[in-house]
Structure formats: C-alpha cells, structure tokens
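Starting from the given sequences, assemble the full structure and let the hints guide the process.
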Amino acid sequence: MRKQMVISLGGGCDVAMILNHFQLRHSSLPFDWLWNLHDGLGSVTSMLRSGFDDVRGVGAYSQLSHYRWPGQRSIVFRAYPHVAHVHTNPLENPKALTTFERRMDRMSELLEGSRREIAFVYYRQASEGPETLDHQVDESIIDERIRRLGTESRDFVEMMSSRYRSLSFRLLSVLSVDEVHLNTPSFTERFECIVDDYATQGLRFDTVVSRPEGDRTANKLWQKQWGAVLRRNGVMSRADQIKSFPLSAKRRLRQMVPKRFRKNSSGH
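Taking the numbering used here, the leading residue of the sequence shown gets 162, the next gets one more, and so forth.
Don't read these hints as lab results, they were simulated from the structure. Misleading hints may appear alongside valid ones.
In silico lysine-lysine, DSS-like type, Cα no more than 25 Å apart, as pairs [to be verified]: (1) K404 <-> K385; (2) K164 <-> K385; (3) K381 <-> K404; (4) K164 <-> K404.
What follows is a set of in silico ranges between Cβ atoms, one per label pair, in the way DEER data are often shown [said to hold, decoys possible]: (5) D376 <-> A240: 33 to 41 Å; (6) G363 <-> R399: 16 to 24 Å; (7) Q224 <-> H182: 26 to 34 Å; (8) E350 <-> M320: 24 to 32 Å; (9) G212 <-> E300: 35 to 43 Å.
No residue lacks a Cβ here, since even glycine has one placed at the ideal position from N, Cα and C.
Okay, here's the thing in structure tokens:
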C-alpha cells in the first residue's frame, strides 16, 4: 500500500485524467469530473467545510444558463451556479444522483478516518473565465490568476487544518497556462514572486502547459510534463511512474489487435 493517497480537487477533468494515466487514482470522488474552472478551490473549500450539506439531494441542483456554454442549459449546483455537471445529470437521473452522493460520502469518510497522508492536487486554468471570452489573455490576467490561485489555496489549507485536525495532508496547486505564456521569459519569475506571498506549511505551487485538444503528440508531452510536476512535488515517485508503463504498453498492443482476435482476459 502506498504511504499516501492522491485526490483530485479539480478544477476540471485534467487532474483525474492524469491520475488515471499514472495509476494514482484508486477511488471515484466528487471533484474528479466536475467543471469548476471558474469558482475553483473556493467552492471546494466551502463544500468540504459544510460536509457537502449544501450540495446534497435533488433539490441542490438546477438547470441554468452558463457563461461557458451560451445558448444551452447546464446542470449546476444551486449554491454554486458556476460549478457544472457536464458528464452526468443528477437533476433528472436518479442513478447519477445516487452515484454522486456515494462519492461525497466516500470523500467524507476518507477525510475523517484516513490513516495515510493525503496529497490533494488542484489546478486553475489561467485562460478560463467570463472576462476572457471576448478579450485576449494578457499578463495582467495571468497575474490575477496567480494571485487567485494563491488565495484560494491558502484558504483551503487553513480550513482543512482547522476542520480536520487529525488529517495529514498537503496540497499541490498548479496553474495551467497556454504555451505562449508559459514560455515568456518573465513568466517564471512573476509566478514565483507572487506565490511566495502565499507560502504556508503543506502547500506547494507549480505550473504546467494547458491540455492540448486533438493532438496526440502534444497530449503525450502534456502528460509527461504533468508527470514531472507530480514527481518534483513528491506526489508521484519514479517507481510509481515506471509501474504505469507496462499497462500503457499493454493497452497499445491490445488496440493493435483486431477485436475478433482479442481474448477476454476476465475468463481466465
């Protein structure tokens, strides 16, 4: 058994996808697949502080317009109208509602009784927000996102330390940035200077390139960069990464074999 458990806090699907890729995600938990790239860790902190009381039951959901998907209605929490369910519909699907309730219960049990250290991983997408829909992302917006990442991360650590006193945990907060900004000479210096103001025990900050869409080669580089972030911040060991290689290779080989020739391993 690993000495630590890794848990995704969102803000979107990227962390859960990366933890799956490196075989570090072993439980289905509530923040894995929520779209929470605007409110971010602030809403997560609020939900955990209340023990999920404000997001339980079908009455906690509504169908509203969302700035991210204009012209359509999205399933959101009434208490957090920017936090959307994009993969399921717990408002109208009882099974989806039960599944999400079970994930919240599982999360609560882990926080109350985990004997292992928990490494929380969270990311904020620098280019995401209603103000960026019609305006180009510039240095001022990037710097505001860094400060917001710092504030919400420090608030989370303070709340968790107060509410779950016996829990051993740490938080890795990552800013996801488009490559053009990540490669700007002044970016690293600005990032480190700003997050230094939010330093506290159990909190680490880092950066990663934004997830590419529709480019397999770029996606592999994105996964590799995330792997480096997890390693240098102690969330993943070199041994953890090596363990993920055979499964990935086996999956690729299996995909190369026509379906009619594949053996069903579950029968052996």
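Verification of the hints:
no.: 1; hint: K404 <-> K385; verdict: holds, 15 Å
no.: 2; hint: K164 <-> K385; verdict: holds, 23 Å
no.: 3; hint: K381 <-> K404; verdict: holds, 17 Å
no.: 4; hint: K164 <-> K404; verdict: holds, 16 Å
no.: 5; hint: D376 <-> A240: 33 to 41 Å; verdict: holds, 37 Å
no.: 6; hint: G363 <-> R399: 16 to 24 Å; verdict: holds, 23 Å
no.: 7; hint: Q224 <-> H182: 26 to 34 Å; verdict: holds, 32 Å
no.: 8; hint: E350 <-> M320: 24 to 32 Å; verdict: holds, 30 Å
no.: 9; hint: G212 <-> E300: 35 to 43 Å; verdict: holds, 40 Å
In this structure, none of the earlier numbered hints is contradicted; all agree with it.
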